[in-house]
Amino acid sequence: MGLHLEHPVGGFQKPHGFYAEEETWYMPGTGDVPVAYTAKKDIALSVIELIKMAMKDPESVPPHVRIGGSNLTPKQIVDIFNKAAKGKTHIKLKLLNEEESKDLFSRLVFEPPKGEEHSFDQQFMNEVATRVFTMSGGGGNLDFSKHNHNELVNPGESKWKWKTMEDYAEETDGMPIELEYMR
Amino acid sequence: MATVALIGVKGNLGYKIFPELVASDYVKKVHVLSRKKRHSGGGKVVDFQVDYQDPASLEKALKGVDAIINTMGTEGDFQAAKKSLVDAAAKAGVKIYFPRYGLDRVDLADFSEWGIDPQVDTWAVRHKIWDGKKADDAYAISKGLKVIPV
Numbered sequence: 547m548g549l550h551l552e553h554p555v556g557g558f559q560k561p562h563g564f565y566a567e568e569e570t571w572y573m574p575g576t577g578d579v580p581v582a583y584t585a586k587k588d589i590a591l592s593v594i595e596l597i598k599m600a601m602k603d604p605e606s607v608p609p610h611v612r613i614g615g616s617n618l619t620p621k622q623i624v625d626i627f628n629k630a631a632k633g634k635t636h637i638k639l640k641l642l643n644e645e646e647s648k649d650l651f652s653r654l655v656f657e658p659p660k661g662e663e664h665s666f667d668q669q670f671m672n673e674v675a676t677r678v679f680t681m682s683g684g685g686g687n688l689d690f691s692k693h694n695h696n697e698l699v700n701p702g703e704s705k706w707k708w709k710t711m712e713d714y715a716e717e718t719d720g721m722p723i724e725l726e727y728m729r
Numbered sequence: 002m003a004t005v006a007l008i009g010v011k012g013n014l015g016y017k018i019f020p021e022l023v024a025s026d027y028v029k030k031v032h033v034l035s036r037k038k039r040h041s042g043g044g045k046v047v048d049f050q051v052d053y054q055d056p057a058s059l060e061k062a063l064k065g066v067d068a069i070i071n072t073m074g075t076e077g078d079f080q081a082a083k084k085s086l087v088d089a090a091a092k093a094g095v096k097i098y099f100p101r102y103g104l105d106r107v108d109l110a111d112f113s114e115w116g117i118d119p120q121v122d123t124w125a126v127r128h129k130i131w132d133g134k135k136a137d138d139a140y141a142i143s144k145g146l147k148v149i150p151v
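Sequence order for the protein chains is A and B. Per our numbering, numbering of the first sequence is gapless, rising by one per residue and ending at 729. Per our numbering, numbering of the second sequence is gapless, rising by one per residue and ending at 151.
Derived by calculation from the structure, the hints in this document are not laboratory data. A couple of the hints might just be wrong.
In silico DSS-like links for lysine-lysine, alpha-carbon gap of 25 Å or less [as the list claims (entries may be wrong)]:
hint	chain 1	residue 1	chain 2	residue 2
1	B	29	A	707
2	B	147	A	705
3	A	598	B	92
4	B	144	A	707
5	B	11	A	587
6	B	30	A	705
7	B	17	A	598
8	B	96	B	64
9	B	92	B	61
10	A	705	B	29
11	A	621	A	640
12	B	30	B	61
13	B	144	A	598
14	B	17	A	709
15	A	598	B	45
16	B	144	A	602
17	B	61	B	147
18	B	92	A	602
19	B	17	A	705
20	A	587	B	147
Produce the entire structure from the sequences given, and follow the hints as far as they go.
Here is the structure:
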């Protein structure tokens, strides 16, 4: 399903290079590799369809399912948000090389959600976050544009309409602000 | 029609899956499994307070369940909890399992099975976290469950 389209714990937050207060999205690579984002409701509906299929014939469900409600590149996504903002905000896409990516993540401090008393292993978290960040930037692990199972669970959008990036951009007035638990 | 168990009803994904299960004509009953005592709603929703160190409580909650959607959080020893859940599911005769993975003390969806595709072999995915996911899948499959990583 790629990244969650919406917060909480959505795809537009600091571990994915999205710094709302700077109106800047840091992204490794060229900005031309699609990244899958899926609305949580669409995930739920997809799962229900997969249950129906597996109950009828378990072999009809592939061993790994890829769902991508939206499969656009960071460059396309930024354009969609900025169009929806109608001048109020303007997100900049800043492309990073490998060294710059590592530097960005070395400064990322993970904190537990409010009310939870545990602590994170910062070094481990930064390493994993860097890897996820790299995947979203061009590793291919989040590029479901050419190979996904959208048509398997929802052929021709006959069961529901996928929530699009445009829908989400309108909903958030062009600036997706994540509930913060990282600084 | 199917009876579906949901773990993590208050989590960042589970809270959105729950109302769709309730609304679906295909879903006959929803078993909500939680460590805490909850009242998630009447009708076709049945709450079960479970203890992951007590297999009997899990087997009772999974009796008659066709599919488990695991959006478990990362409280306590959730790695052990996942294994207990799979063991109980196999004993209760559950057919379908949507797994949930996570890092110790992290609850980021994209670090979980609900997210990236670890089947695409890149340097970034060559890490023990994703190795662990594959091992967990294999374990559930070995127990006879139809595992559907999404």
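**Report entry** Restraint check for residue 61 of chain B with residue 147 of chain B, where alpha carbons must lie at most 25 Å apart
**Finding:** Cα-Cα ~20 Å, so holds.
**Report entry** Hint consistency between residue 11 of chain B and residue 587 of chain A [alpha-carbon to alpha-carbon, up to 25 Å]
**Finding:** Roughly 15 Å separates the two Cα atoms, so the pair holds.
Query - Restraint status (C-alpha distance of residue 17 of chain B to residue 705 of chain A at most 25 Å) - result: Holds, at roughly 18 Å.
Query raised in the report: Does the alpha-carbon distance linking residue 587 of chain A and residue 147 of chain B stay inside the 25 Å limit?
Result: Status holds; Cα separation ~23 Å.
Requested in this report: Below or equal to 25 Å on CA atoms is what counts here, so check residue 17 of chain B against residue 709 of chain A.
Outcome: holds, 14 Å
Report task. For the pair supplied as a hint, residue 92 of chain B and residue 602 of chain A, confirm whether the alpha-carbon distance does not exceed 25 Å. Result -> holds, 21 Å
Query raised in the report: Taken at face value, is the distance from the CA of residue 707 of chain A to the CA of residue 144 of chain B at most 25 Å?
Result: violated, 36 Å
Query raised in the report: Is residue 30 of chain B within 25 Å of residue 705 of chain A, Cα to Cα?
Result: holds, 21 Å
Query raised in the report: Are the Cα atoms of residue 621 of chain A and residue 640 of chain A separated by 25 Å or less?
Result: Holds, because 10 Å separates the two Cα atoms, which is no more than 25 Å.
Report task. Would you check the hint for residue 705 of chain A and residue 29 of chain B, treating anything up to 25 Å between C-alpha atoms as holding? Result -> Holds, because 19 Å separates the two Cα atoms, which is no more than 25 Å.
Requested in this report: Would you check the hint for residue 92 of chain B and residue 61 of chain B, treating anything up to 25 Å between C-alpha atoms as holding?
Outcome: With Cα atoms ~10 Å apart, residue 92 of chain B and residue 61 of chain B stay inside 25 Å; holds.
Requested in this report: Below or equal to 25 Å on CA atoms is what counts here, so check residue 96 of chain B against residue 64 of chain B.
Outcome: It holds: about 11 Å lies between the C-alpha atoms, which stays within 25 Å.
Comparing the model with each earlier hint shows a violation of hint 4 alone; every other hint is respected.
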